[in-house]
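Asks: From just these sequences and the hints, can you work out the full model?
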Amino acid sequence: MAAWRVAEVRTVADLARILRGLRRRHARRQGRPELTYRELAAATGWSHGIIGEYLSGRILPPTERFDVLIGLLGASPAEMGALATARDQVEENRRVAAPAEGPVPRQLPLDVFGFTGRAGQLAGLDAMLAAGERRPAVVISAVAGTAGVGKTALAVHWAHRVAKRFPGGQLYLDLRGYDPGSPVPAADALAAFLRALGVEPADIPDDVAERAALYRTLLAGRRMLVVLDNAHSADHVRPLLPGTPSCMVVVTSRDALAGLVAREGALRIDLTTLTPDESADLLRTLIGPRVDQNPLPLALRIAAEMATSRPMAPLSELVAELRDEQRRLDLLDAAGDTRTAVRSVFSWSHRHLPAAAARLFDLLGLHPGREFDMYGAAALAGTGTGRAAALLDELARGHLVEQVGPGRYTMHDLLRAFAVERATEGREPLTRLFDHYLSTAAAAMDTLYPYERGRPVVPPPRPPAPPVGEPGQASRWLDRERPTLVAVAVHAARHGRPRHAVDLSRVLWRHLEVHCHYQEALTLHGAAAEAAPAGGHGLAGVLTNLGGIRWWLGDHREARALFEQALESARREGDAEGEARVLGRLGLVHERLGDLERSLDVLRAALAVFERTGNRHAQGAQLVNIGIMCRRLGRYEEAAARQTRAAEVFAEVGDLRLRGYALGNLGALYNLLGRHDEALEHLGQALADCRAARDPGGEGSAVGTMGAVYLRVGRHADALDHLHRALAISRETADRNLEVETLNTLGETLHAMGQPDSALARHRAALALAERTGDRYEQARALDGVAHVLSGTGHTAQAREHWRAALAAYRSLGVPEADRVLARLGDPPAADDAKRRIGRAGGT
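Mapped onto my numbering, the consecutive letters of the sequence shown carry residue numbers 1 to 844.
Treat the hints with caution; some may be incorrect.
Said to hold, decoys possible - Label-pair ranges, simulated between beta-carbon atoms:
{"#": "1", "residue 1": "Val-162", "residue 2": "Gln-30", "range": "54 to 62 Å"}
{"#": "2", "residue 1": "Arg-494", "residue 2": "Ala-761", "range": "43 to 51 Å"}
{"#": "3", "residue 1": "Pro-354", "residue 2": "Glu-470", "range": "34 to 42 Å"}
{"#": "4", "residue 1": "Ala-356", "residue 2": "Gly-684", "range": "53 to 61 Å"}
{"#": "5", "residue 1": "Arg-20", "residue 2": "Tyr-636", "range": "47 to 55 Å"}
{"#": "6", "residue 1": "Glu-801", "residue 2": "Gln-473", "range": "53 to 61 Å"}
Keep in mind the hints are simulated off the structure, nothing from the lab.
Note that the Cβ used here is the ideal one computed from N, Cα and C, for glycine as well.
Replies: Have a look at this one:
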C-alpha cells in the first residue's frame, strides 16, 4: 500500500477501503483466501460484528485496535506509520466536519397544554430566526415585574415549534433565580450542561471559567438551542452563553436584564398579561364555552380550575372575588410587592380550598426538597398516606402542585414562595419530616447492608412508611430520594438541627461511596461536619466520611488532615470502634503518600480493636487492606493468607461486594506470582460479585486487573479492551486511584505492543495525575515506565535519569521494585514484564 495513496484518505470509508485492500493483498501473499471475520476475531479477541463494522467503514477503530488490525493484515512498518497518520487525520476531519457527534440532548420540558395568544411575540421570534439574526440571546422578560405572566410557557412553546431547526440538540435548565432557596450557581448549571454534552463527571473542571470555556468549545459550530429559564440577573446568565453564532439562547427572567441587552446585544421581548381576547381563548380551552357568557380579564390556570370546580357560579362573581383579593393584598403590602398580581390568584384559590388541603399546602412550604411524595406529605401533616394522597390530588387539580411522576409532586417557584410565606407551623412538622427521611434511609441501608445494622442506632420508621424491606425497593428509594436527602441534611445543618445532619451522614456514607455519588457525598458530609458540635457525638464519623470521599477523589493530603481530626474526636468521645475505623482509613492514606510500613502498623492496630469488639465485617476490611500492604512490600505469603481469610469473612457475613475486593486482590497477587489461570478465575468471580453489588469502582478494578493479567500472558488486544473499560469507569466515577493505576498499565501494554509514543503519553499522564494526588508508588511506576520507553527508543541518557528518580522513590517506599530498577541501571534491558496491577482497598 503506497504512502501516496494513503495521503488521499479523508473519511472512514476511505480508510475501510484501504483495510480491505490490505486484507486482499495479505491473502495473495499467503496464497490463500482472505482472512475471515472468525479468524480475525480469534486473533484479536474482538467480536465478529465489530470487525465487520471496522472493515465496512461504519465505525472508526480506536487507535490501539487500528494498529493491531493493520499489523494482522500485513502492513509494513512504513505503511503502519503512514496509516496511523491517516487514521488520526480521519478522526480530525470528523471532529471538524461533524462537531455535533456525541450526545444530542433533548431536554425541553413538555409543551404547554392549551397555549393561547402571544401571536405577536411568536411571530417576532419566528421572523428573527428566519432572518438569521446573529444575536447571542433572546430575553423574554416581564419588565413591570409581573410574575406568572407566561414567560416559561412562551419560551418552551416556541422552542418546541423550532426544535427541528437545531439538529445539535436543545439544552434546558431552570435556574431558579427567584426560588425561595438559592438560585442555581453558574458553576452547577455548566456542570449539568457538560454532562448532557457527554463530558464525564471526572473530566469537568473545578474552576467555573474553565467549565465555561469547555462548554463553549463543545458548542462551537453546533446548531443548538439553549433555554435558560428563570434567570436572576445578567451575571447569572453570562457564563452560560455559547461563543458561537450557530447557537441560540432563550432566557426568561422577571428582571429586564438590561445589561445583557446593552452589553451582549440581546433581543428583549417584554410580556404583559394576556389581552381580554387571549384570556377568553385560554379559558375557553380550559373550561369550555361558559367563558363566552362572562368574559374574564385575567387568565391563569389556577383561576380556570376554580371556575371549573364551581360550575354554577357566574364568572362575573369569580372576577369580583379575585378583585377583592387583590385589594386585600395591596393593603397588606403598601410598598407594592412585584408578585402581588399572581399572589392574589394564589390567595384567592387558597381560601377556597378545604381546610386540610390548605394546611398541607402551607406545610409543603417547609419542605427543603424540590420533589415530595405522599409519605413526605403524610409526615409533614401528621396524617396517613391515604389522606395525604387525596389532599395532594386535590392540590394538583387546583394546579397548586404539579405531578412529575407516579406519586411524586413538585411546585412552581412562585407557588413555593407563596407556601413559604404561609408556613407558620415549623418545628414539629419538620421534625416529623426529617425523622421520616432519616429513619427510612436507615431502614433501607439495613436492608442493603445488613452486616452494618444499627451503626448508628436510628429508631425504625413510623407508619406509614415507604416499602424498603427488599433490596430492589431499598435501592430505588435511595436513588429516587438522594437529592432530597442531601437537601434535608443541608437544611438541618443550617437551621439548628445538627442531629439529623450528622445521622444522615453516618447512615448514608457507604451507599454514597459504593455508588460513587461523590459530589453529593461532599455536600452532605460537609454540611454535617459544619453543624456537628465540637467534641459532640458523631463528629468523628462525619469527618471520617468526608475524608473517605477525599481519598476516593485522590485528594490524599486533605484526606489525611480530616482523618487526623476524626482520630482526635473519636478518642475524645471514647469511641473505640470509631477510632479503629479512622485508623483503617488513615492507613490507606499513609500507603498512598508513600509510608507503607506506617500504613501496615496502623492497619494492624485497627484490626486488633475490631477483633476485641467482635466486629467481623470491619475485621474483613482490615484484612483486605493489610493484604494489599503485604503484597506491596513483597510479603506474598502473608498477603495471600490475609486476602483468603478476608474473602471467607465476607462470605460469612454476606457482603458480596467486599468479597469481590478480596478475590480481586488475590487475583492481582496471583498475576504477580505468574499463576495466571488462578488470577483470571478469582478476578472473574470478583467482577461478578461487584456487579451484583452495583459497585462500579470494584467492577473497574477487577476489569483493569484482568487487563494486567492479559498483558502478562501476551494477549495484548484483550489487555487493551479491558484497560480501556477500566479507564472509562474510573473517569465516570471520578476514582483517581483507579485512573492513575490503569494509565500506567495501559502504558506498559502499549510499550509491549511496539507503540512507544502512545505508551509514553499514558505514562506521562499517569505521572502528572499521581503527582497531583500524592500517590508515591504510582509516581515511581510512571517514571519506571517512561524510562523503559525512552530506553527502547535509543534515548539512553534520559532513560537513566528517569530510572534514577524511580529508584529513589521505590527505595523510599521499601518495595521490591527498587532492586529491579537498580539492575536496569547496571544493564538496562530491552523490555520489561509488567508485574504490577490494580488492587482495591476494603472500606470500613
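Asks: Does the hinted range 54 to 62 Å hold for Val-162 and Gln-30 at CB?
Replies: Since the Cβ atoms of Val-162 and Gln-30 sit about 58 Å apart, the hinted range of 54 to 62 Å holds.
Asks: Measuring from beta carbon to beta carbon, are Arg-494 and Ala-761 in 43 to 51 Å?
Replies: With Cβ atoms ~46 Å apart, the hint holds.
Asks: State, for the Cβ atoms of Ala-356 and Gly-684, whether the hinted interval 53 to 61 Å holds or is violated.
Replies: Since the Cβ atoms of Ala-356 and Gly-684 sit about 58 Å apart, the hinted range of 53 to 61 Å holds.
Asks: Indicate whether the distance between the beta carbons of Glu-801 and Gln-473 respects the range 53 to 61 Å.
Replies: Roughly 59 Å apart at Cβ, these two residues keep to the hinted range, so it holds.
Asks: Between Arg-20 and Tyr-636, does the C-beta distance stay in 47 to 55 Å?
Replies: At roughly 49 Å between Cβ atoms, Tyr-636 and Arg-20 fall inside 47 to 55 Å, so the hint holds.
Asks: Mind checking the hinted window 34 to 42 Å against the Cβ distance between Pro-354 and Glu-470?
Replies: Since the Cβ atoms of Pro-354 and Glu-470 sit about 36 Å apart, the hinted range of 34 to 42 Å holds.
Of the numbered hints stated above, none is contradicted by the structure.
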